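Input sequences plus hints: build the corresponding full structure.
Number of protein chains: 2
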Amino acid sequence: MNAPVRKPKSAAGSRSDSVYAGLRRAIIEQALMPGDKLTEDVIGERFGVSRTIVRTVLARLNAEGLVDMQPNKGATIAQPSLSEAHDVFETRMCLERQVLARLSEKVTADDIERLQRHVQLEIKANEHDGPAAIRLAGEFHILLASLSGNGVLARYVDEMVSRCSLILALYSRPHSSDCSINEHQQIVDALRAGNSQAAIDAMDHHLKAVTDRALLSSAADKHRDIRSILDRYAS
Amino acid sequence: MNAPVRKPKSAAGSRSDSVYAGLRRAIIEQALMPGDKLTEDVIGERFGVSRTIVRTVLARLNAEGLVDMQPNKGATIAQPSLSEAHDVFETRMCLERQVLARLSEKVTADDIERLQRHVQLEIKANEHDGPAAIRLAGEFHILLASLSGNGVLARYVDEMVSRCSLILALYSRPHSSDCSINEHQQIVDALRAGNSQAAIDAMDHHLKAVTDRALLSSAADKHRDIRSILDRYAS
DNA sequence: GTATGCATAATTGTATACAAAAGTATCGTC
DNA sequence: GACGATACTTTTGTATACAATTATGCATAC
Chain A
1 MNAPVRKPKS
11 AAGSRSDSVY
21 AGLRRAIIEQ
31 ALMPGDKLTE
41 DVIGERFGVS
51 RTIVRTVLAR
61 LNAEGLVDMQ
71 PNKGATIAQP
81 SLSEAHDVFE
91 TRMCLERQVL
101 ARLSEKVTAD
111 DIERLQRHVQ
121 LEIKANEHDG
131 PAAIRLAGEF
141 HILLASLSGN
151 GVLARYVDEM
161 VSRCSLILAL
171 YSRPHSSDCS
181 INEHQQIVDA
191 LRAGNSQAAI
201 DAMDHHLKAV
211 TDRALLSSAA
221 DKHRDIRSIL
231 DRYAS
Chain B
1 MNAPVRKPKS
11 AAGSRSDSVY
21 AGLRRAIIEQ
31 ALMPGDKLTE
41 DVIGERFGVS
51 RTIVRTVLAR
61 LNAEGLVDMQ
71 PNKGATIAQP
81 SLSEAHDVFE
91 TRMCLERQVL
101 ARLSEKVTAD
111 DIERLQRHVQ
121 LEIKANEHDG
131 PAAIRLAGEF
141 HILLASLSGN
151 GVLARYVDEM
161 VSRCSLILAL
171 YSRPHSSDCS
181 INEHQQIVDA
191 LRAGNSQAAI
201 DAMDHHLKAV
211 TDRALLSSAA
221 DKHRDIRSIL
231 DRYAS
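Protein chains in written order, with UniProt numbering: chain A, 1 to 235; chain B, 1 to 235.
I should point out that these hints are in silico values taken from the structure, not numbers from a laboratory.
None of the values given here were measured: they were computed from a predicted structure.
Keep in mind that the hints are not guaranteed to be accurate.
The list treats identical chains as one, so a pair stands whether inside a single copy or across any two.
Derived SDA-like pairs (lysine to any residue); straight-line CA-CA distance at most 20 Å [unchecked claim]:
hint: 1; residue 1: K106; residue 2: E84
hint: 2; residue 1: K106; residue 2: S162
hint: 3; residue 1: K208; residue 2: E90
hint: 4; residue 1: K73; residue 2: T52
hint: 5; residue 1: K208; residue 2: A190
hint: 6; residue 1: K208; residue 2: L82
hint: 7; residue 1: K106; residue 2: H86
hint: 8; residue 1: K106; residue 2: E90
hint: 9; residue 1: K208; residue 2: A101
hint: 10; residue 1: K73; residue 2: S14
hint: 11; residue 1: K73; residue 2: D17
hint: 12; residue 1: K37; residue 2: M93
hint: 13; residue 1: K106; residue 2: Q197
hint: 14; residue 1: K106; residue 2: S83
hint: 15; residue 1: K208; residue 2: N182
hint: 16; residue 1: K106; residue 2: D17
hint: 17; residue 1: K73; residue 2: A63
hint: 18; residue 1: K208; residue 2: S162
hint: 19; residue 1: K124; residue 2: S18
hint: 20; residue 1: K208; residue 2: Q197
Now the structure itself:
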């Protein structure tokens, strides 16, 4: 008997919300890539709003870790460092464990069905792999979090998941889905069976696998730390 | 061999940072109380900046859950509901457990000493109980989180702690410190002894106690002049 | 006394203007 | 051709202007 999920009604008017949603989607679907410059005028022109609006949106994305901002230099899509990536994954795992601990206490048949339908969607989207598949994989986790009934937890999970998109874009192969759908299915199955520990274990295993796929595969390929490169040539 | 703790370099220039810091401190020290109206003109006038700056600051505080904003109605100090309060405490406990799990693996003698010094500060501040005591109690947890070395985790703990100030202000006795210093000392002792489980247990017990103390009685309303309060925080 | 409309004031939402800073191109010197 | 100084362009930081919305006060009716 949860209250209807009220939307956070983010500060500014609905005008900025659509800009926010658009930019966020572009980042998460990896249309905008880490490092890309976000010039206020350009964005404002495309979305048909003034720089005032764009500015608030960029500040918000910056607070969520999706955008980097430097004084007098403007905004770019964030490029999380490897150590930051580890922090994100660790925190994400901590939060999602809690989500499953809560869920296995209170999950309803309705919830299970909704989760199962989502997994079906993922399977379908994966056949013609596109940007939608990436988004859906993340949204599975966000759905779980929102079903947990703890809004604060859900917001943090949401943030962690979207930041993972950036990490994937930086350190993993292009457009590799970060989630094996099989593992999602296992989580749903464990929840349906009412097996709390199995559900948490499945999530644990899943996120460890995601971390490995994301970071261990090609750390050296894409990410280059200028400092360490110079070190090799300084002597 | 961690990189030096870089500050988040929050989006906008240093102009807005001082307004942000001032408002935030006023909220955390409970000079501004939940429900108080935050008129953009008034704040801008007191801090000597234009509404543009104030607006970005309010949006930021809103994103952190310290300020409520409604379209065309403006901003007020947030009044977290009882259910939101529970969500915050639950999430906070989840995060702080992780902090201690990390810390007990890697804490140094230097860290311990810093924590011990902080507890001493708390003891001293508690003698002439003022707003500083409230702030210091929260900062103990923030210090723990920052020593954990996970910046993402630290940011979330920071947010949770400051939102707890609001909850305290709403549901607890005025200016009751949320933290018994004794319990802080126990955590430091457990860390010094290198006893990971004891440290986590101590934190667990502490936060449960905080939750109980927090959600006891109701607050009393007084008529306070926003302007004069802001003056104290505008420098 | 309480309620209802309307005029007025206060406040917010957004665009624009202008100054400061950063970036870029041009040119002369060596 | 490489380097550096200078003028010009672009972009950001902040204030202000103005329209739209909401709150307030006051008179009137019941």
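A quick look at each hint next to the structure:
1. K106 to E84: between (33 Å within a copy, 18 Å between copies)
2. K106 to S162: neither (26 Å within a copy, 29 Å between copies)
3. K208 to E90: Cα proximity of K208 and E90: one copy only (9 Å, versus 24 Å across).
4. K73 to T52: Answer is both: 17 Å inside a copy and 19 Å across each meet the 20 Å cutoff.
5. K208 to A190: within (18 Å within a copy, 29 Å between copies)
6. K208 to L82: For K208 and L82, only the intra-copy Cα distance (16 Å) is at most 20 Å; the inter-copy one is 35 Å.
7. K106 to H86: Close across copies (16 Å), not inside one copy (31 Å); limit 20 Å.
8. K106 to E90: between (25 Å within a copy, 16 Å between copies)
9. K208 to A101: both (18 Å within a copy, 18 Å between copies)
10. K73 to S14: between (28 Å within a copy, 14 Å between copies)
11. K73 to D17: Result: close only across copies, 17 Å inter versus 24 Å intra.
12. K37 to M93: Neither, since 31 Å and 38 Å both go past 20 Å.
13. K106 to Q197: For K106 and Q197, the Cα distance is within 20 Å only inside one copy (14 Å; across copies 28 Å).
14. K106 to S83: between (35 Å within a copy, 16 Å between copies)
15. K208 to N182: within (14 Å within a copy, 38 Å between copies)
16. K106 to D17: For K106 and D17, neither the intra-copy (32 Å) nor the inter-copy (42 Å) Cα distance is at most 20 Å.
17. K73 to A63: Within one copy only: 17 Å inside, 23 Å across.
18. K208 to S162: Within one copy only: 17 Å inside a chain, 31 Å across chains, cut-off 20 Å.
19. K124 to S18: neither (27 Å within a copy, 51 Å between copies)
20. K208 to Q197: within (16 Å within a copy, 23 Å between copies)
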